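Generate the whole structure from the sequences, applying the supplied hints.
Chains U and V supply the protein sequences, listed in that same order.
FYI, the numbering for the first sequence is 224 to 928, going by the numbering used here.
FYI, the numbering for the second sequence is 93 to 604, going by the numbering used here.
For the record, the hints were derived by calculation from the structure and aren't laboratory data.
Quick caveat, the model's predicted, so the values are computed rather than measured.
It cannot be assumed that every hint is accurate.
[Unchecked claim] Chain V regions said to be covered by chain U (calculated; three or more residues, Cβ under 8 Å):
| no. | stretch |
| --- | --- |
| 1 | 159-171 |
| 2 | 204-211 |
| 3 | 214-226 |
| 4 | 398-406 |
| 5 | 531-542 |
[Unchecked claim] Looking from chain U toward chain V, a few residues come up when the C-beta cut is under 10 Å (computed):
| no. | residue |
| --- | --- |
| 6 | Arg337 |
| 7 | Leu363 |
| 8 | Asp382 |
| 9 | Leu417 |
| 10 | Leu423 |
| 11 | Ile426 |
| 12 | Gly673 |
Ideal placement from N, C-alpha and C gives every residue a C-beta, glycine not left out.
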Amino acid sequence: MDPAQVAAVVTWALPYAGAVLSLLLSRLDRGRDALAASLLGVSALSASILAWDVFSSPEGLVTWSVPWVPSLGLDAGVYVDTLSAAMALIISWLCFLIGIYSLEYMAEDPGRTRYWFFFDFFVGSMLLLVMADNLLVMFLGWEGTGLASYALIGHWHTDEEERCVGDVGRRALGVPMWFTPSHSGLRALVFTRLGDVGFLVGIGVLYLLTGTFSIPEIASSAGEWASWLAARGLLLPFLLTFSLGAMAKSAQFPFHEWLVTAMTGPTSVSALIHAATMVKAGVYFLLRFGPIFKLAQAELAAVPAASQAVSTYFEVVALAGAFTAFFMATQALVARELKLVLAFSTASQLGYMFLALGSAGLMGEFSSGLMAGFSHFMSHAMFKAALFLGAGAVIHAVHSKYLDDMGRLSDPMRLTMASMLVTALSLAGVPPLMGFWSKDAVVEAAAESGIAAAYALGVVTAGLTAFYSTRLVLRTFFYEESDNVSRLRREHRLHEARPLMLAPYLTLAAATLLLGVAWPLVGPRILEAVSRNVLALGEVPGFEVHLEPGMLAASLSMVFGGVALGWVAYQTPAGGRLLAAAAGPGPLRALREFLYDRWYVNSLYYRVIVGGFAWLSRAGFRYFESIVVDGFYHRLVPASAWGASELGWTFERGVVDRGYNEALPALALWIGRQFRRLQTGAVNHYLLLFFAGLALLVYVLVWVV
Amino acid sequence: MILDSPILFTSVVAPIAISLALPLLDDSLGRRGTAAAGTVLLMIPAAAVAWIAARFGLGGPVVDPVFFRSESIGRFSMLLDGLSAPLAISIALVTVTISVYSLRYMEHRFEEFEREEGGGAPGWGVYYMLYVMFAAAMMGTVLSTNLIEFYLFLEVSLLPSFLLIAFYGYGNRGRIALLYLIWTHVGALVFLVGALVAGLAAGTFDFYDPELLRPVEVGALLPAGLRMPVVAALCLGLFVKLAVFGVHIWLPYAHAEAPTPVSALLSPNLIGIAGYALVRIVYPMFPAEFARLATYTLPLGLFTIVYGGLMALAQDDFKRLLAYSSVSQMGYILAGVSTLTPAGVAGAMTHYAAHAVGKALLFSTAGVLIVQMDGLRSISKMGGLASRMPMTSSLALLGFMHITGIPPSLGLWSEILILTGLAGTAVGGSAAYFSAMVLILLVGIGLSTAYAFLTMKRIFFGQPTDRTEGAEEAGWTLLGPMAVVAAAGILLFLWPGVVLDPLSAAVSSILG
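Now the structure itself:
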């Protein structure tokens with residue numbers, strides 16, 4: 224193994240080692256916490272070495288593998304091209320920063336052994352996922368993130384009311400709209416596993432058609448398996464099934480619901496899930512397989528139906544993304560919980576990434592769409608992690624998750640305010656922050672995709688995003704002081720976060736700012752480096768930051784319009800009156816309720832799907848299983864047997880028994896009596912009988928024989 | 093590879109024979125001594141399997157020399173190969189560990205008898221005698237090479253398990269034991285009728301030739317008109333045992349009311365043997381006929397997955413829920429076998445092992461809850477146990493992970509293989525067929541995940557109830573054996589090749 228290979232293994236293996244050590248060394252207590260976090264640091268360093276090697280080497284690739292299950296042709300291996308290296312680099316550093324934050328944030332938590340075990344397990348799984356050289360190892364990491372998220376979302380599994388997400392007691396269409404940690408964990412697991420079934424079926428199909436799980440080999444035979452499937456009309460169903468896992472993991476409609484309630488875990492976990500791991504798995508899936516599907520399409524160019532199937536697939540992805548972006552942004556507008564605003568925003572931003580990656584397949588230059596998706600992934604990872612970590616500090620300080628209990632925190636939490644301001648503006652897409660550049664690239668890709676609806680949704684969502692980002696910052700830090708904050712201020716309990724918590728999100732905010740300012744210079748070079756050697760992507764033309772004036776005007780007017788509207792609403796008397804009016808009865812309030820109850824989608828899921836299956840289960844058990852099946856075998860069959868036995872007994876006693884023991888002897892006696900009566904002694908009687916007998920004999924002989 | 097002496101046979105029969113002495117010895121051995129003796133007896137077949145695996149590997153078949161030969165019946169031998177190994181290994185693992193687990197559990201059960209019925213149940217010697225007979229006979233069925241031999245061992249496993257339920261079970265145990273006996277005999281006798289017809293017509297009852305080391309295609313020796321009825325009889329008999337939808341109704345009674353260590357053997361180990369028998373016996377005997385039948389058993393298996401899952405969701409009794417879950421899990425095995433693809437069949441056999449680990453852990457968990465909370469089985473009266481019993485809840489989580497295929501568990505491998513097999517069937521059809529298959533799998537696996545983790549939530553998370561308020565963690569006498577099973581499951585996840593490589597080779601050679 225050369226040093227780069229060692230780095231490639233250490234990067235994902237060390238977090239797993241950290242997980243096991245967290246368990247074994249739980250007695251070390253704080254020392255164990257430090258160990259678990261610092262192993263993530265070593266992993267991040269290792270990812271940096273690896274990235275350096277990949278980016279600087281001419282081939283841009285590090286691979287390593289050992290045989291694992293020879294009979295399946297399965298190796299345990301990594302395939303680190305420039306894409307994987309970039310992903311691993313971003314993920315490992317983010318996770319390390321969040322780990323440092325956790326040291327302070329979780330310091331008092333009694334369940335820290337569990338926390339660090341699953342935290343490190345999560346990181347290891349995510350890194351394995353993005354570096355895997357074959358589908359099974361990738362799936363392993365994929366499922367590992369599912370398990371870890373289940374455990375961490377439900378970390379506070381005793382389900383106290385204050386740990387819930389949503390308003391306790393609130394119902395929509397009769398369905399409770401508050402979720403305990405253990406309920407949220409269950410939702411995350413079930414929703415994502417539904418998608419995983421599709422992913423796994425897709426893996427199975429590819430394995431059967433190619434005889435391998437290896438992603439590079441599947442890429443190199445893309446034309447063959449795709450044409451086999453296309454010839455049977457299965458290409459589109461296959462592509463959609465295969466991508467189901469990505470849709471569910473990345474919380475795209477209709478799988479978005481799990482992410483919204485995944486806030487019940489510690490805030491550090493939210494940051495982990497939303498910024499670095501888990502939800503980004505689906506985005507990585509598209510970054511990894513999009514080029515392969517595109518390659519398959521190129522090789523199938525001669526078959527219009529097959530080529531059309533791939534285009535339709537990309538259209539579905541783009542539209543799902545655009546709709547999710549818009550749909551979730553509308554819900555962020557009215558959310559009352561600080562973290563919930565961010566959660567909606569994550570799903571919405573993931574929608575942007577899907578929009579870009581779907582559009583990529585429809586536009587002239589595939590790689591520029593792909594890199595638009597990647598750059599938005601990168602910028603979102605940074606600003607969303609910083610926002611969540613900052614939100615955790617704010618919630619910690621005011622002891623409430625509600626925006627209503629915040630306000631005027633700019634003074635006591637000046638640094639946190641600065642960090643959240645910068646990162647929220649980046650989320651809003653305000654130039655020259657990183658979010659501006661990446662969102663612009665996404666919207667541009669949407670425009671080039673030729674799907675008008677997707678482009679329109681993308682632009683409108685930019686305005687919504689700007690509004691809710693502004694609202695978030697204003698209501699937290701600048702809006703009128705809530706009673707809660709006044710009380711805390713009087714008691715001198717408001718304070719800035721401690722350095723261990725502060726440092727990670729300040730670092731990320733600074734990175735967002737610096738990278739944004741420098742983007743016109745460094746951006747194209749970064750994207751060139753990342754796309755230089757991506758599996759199945761081929762030669763990539765150079766990148767340049769170019770701003771289409773018309774589109775820029777549209778998106779910037781949406782952004783500044785959104786920001787301005789937010790400012791007016793929350794900082795001016797007129798806005799205050801408007802908000803008060805919206806709170807009263809009327810269509811505005813109905814709209815707000817509709818958005819607040821998440822378009823009633825959750826309620827419909829519970830009413831129709833959950834309720835439907837619950838009904839099927841209950842009624843099926845009560846009526847079919849207990850009455851029909853059980854009744855048939857254990858009532859009807861035994862009863863029939865019993866009945867038959869009774870009948871037999873009656874027959875035995877009434878017919879057989881009486882027949883043999885009563886009727887037969889009686890008959891014999893009767894016959895005897897008759898015979899005795901025949902023996903009268905009179906000769907003429909005998910003669911008569913003799914002739915009668917003779918006549919009978921003759922009759923028989925003549926007529927019958 | 094033919095052994096010099098019948099090691100496998102001896103290792104299976106010796107414990108059964110010796111166990112007859114346990115009821116006489118238990119006074120002098122005491123309960124610990126009896127438990128130790130029973131466990132050691134079960135270690136004999138385990139050691140034989142381990143020794144052969146280590147000495148010769150599982151790559152090729154290893155058989156006993158023929159130890160019984162008859163003109164009309166054929167030859168009796170025992171066979172350990174890639175196909176029987178996953179079953180043999182999981183039976184060895186679960187029966188030995190649950191034997192240790194039984195000690196503390198049955199202590200509690202005997203106390204209960206003392207308190208509620210003033211004693212009356214036969215003592216330790218009888219328990220361990222029956223337990224050893226039951227467990228060793230299961231091993232015997234799996235290793236058999238002859239239909240009559242298979243049937244005999246099946247009978248030897250059924251009678252002791254019947255008595256275990258009748259003596260030590262819960263609820264209306266006499267009636268339920270009888271129900272179990274009748275049902276399993278209906279299955280066994282239907283199978284026997286098929287076997288007798290086939291064997292008498294073919295002139296041999298061997299389904300595996302222990303001298304030429306290959307399966308015997310008995311079907312070819314039968315008149316064509318007789319083959320399908322025989323296959324149908326064999327399959328129907330096995331389906332009763334497998335508790336496939338339609339003939340599953342005995343299972344929830346028996347598995348819920350059996351003493352919990354026996355449930356932990358019945359549920360994963362015993363019923364799954366029928367799935368193995370489909371691959372080991374029925375398919376090689378009648379490849380063409382079974383392939384025709386498989387187009388119908390595949391949807392039946394898929395339906396069983398969904399149906400069992402739905403029924404499990406409706407249960408409040410934890411053991412009954414696990415019993416219905418077994419019905420659903422057997423659906424996965426039947427579906428995998430019915431694909432008749434290397435991946436699907438290998439997946440089904442791997443799932444036997446994964447389910448054995450998972451269900452052993454889960455029934456043991458149910459047992460822990462029964463012991464620690466005075467017979468508590470109602471899920472609605474549980475809650476908040478994770479903070480009071482962290483070790484138990486971790487082991488239960490691992491159990492649920494095994495049956496739903498979440499890593500790091502062996503279940504991941506069986507899920508991958510079964511789904512690959514099903515994918516192979518799905519791409520053979522139209523787009524609508526493919527989509528329908530995906531949809532059914534979404535529902536089936538979704539239900540499995542839902543009932544598993546909803547149960548996890550209802551038992552272990554949330555606030556405690558008055559029944560669970562004062563609960564305490566069980567001791568190592570219960571948790572130790574469970575931890576061994578869990579560790580084995582994780583190790584098999586990390587080194588699946590131990591089982592999978594020989595299994596794939598064996599399955600490929602059977603499917604041809």
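Here is how each hint holds up against the structure:
1. Proximity of the stretch 159-171 of chain V to chain U, defined as three or more residues with a beta carbon under 8 Å from a beta carbon of that chain, is not established by the 0 residues found.
2. For the stretch 204-211 of chain V, the proposed coverage by chain U is not satisfied: 0 residues have a C-beta within less than 8 Å of a C-beta in that chain, short of the threshold of three.
3. Only when three residues or more bring their CB closer than 8 Å to a CB of chain U does the claim for the stretch 214-226 of chain V stand; here the count is 0, and the claim is violated.
4. Counting residues of the stretch 398-406 of chain V whose C-beta sits closer than 8 Å to any C-beta of chain U gives 5, which meets the bar of three, so the coverage hint holds.
5. Counting residues of the stretch 531-542 of chain V whose beta-carbon sits less than 8 Å from any beta-carbon of chain U gives 7, enough to reach three: the coverage restraint holds.
6. With its C-beta approaching chain V no nearer than about 8 Å, Arg337(U) sits inside the 10 Å limit, and its interface hint holds.
7. For Leu363(U), the suggested interface contact is upheld, since its CB lies about 5 Å from the closest CB of chain V, less than 10 Å.
8. The criterion of a C-beta within 10 Å of any C-beta in chain V is met by Asp382(U), whose closest approach is roughly 5 Å, and the hint holds.
9. Restraint check, Leu417(U) versus chain V: the minimum CB separation of about 5 Å is within 10 Å; hint holds.
10. With its C-beta approaching chain V no nearer than about 5 Å, Leu423(U) sits inside the 10 Å limit, and its interface hint holds.
11. A distance limit of 10 Å between C-beta atoms decides the matter here; for Ile426(U) the minimum to chain V is near 7 Å, and the interface restraint holds.
12. Because the closest C-beta pair between Gly673(U) and chain V is about 26 Å apart, greater than 10 Å, the hint is violated.
Hint check: violations occur at hints 1, 2, 3 and 12; the rest are consistent with the structure.
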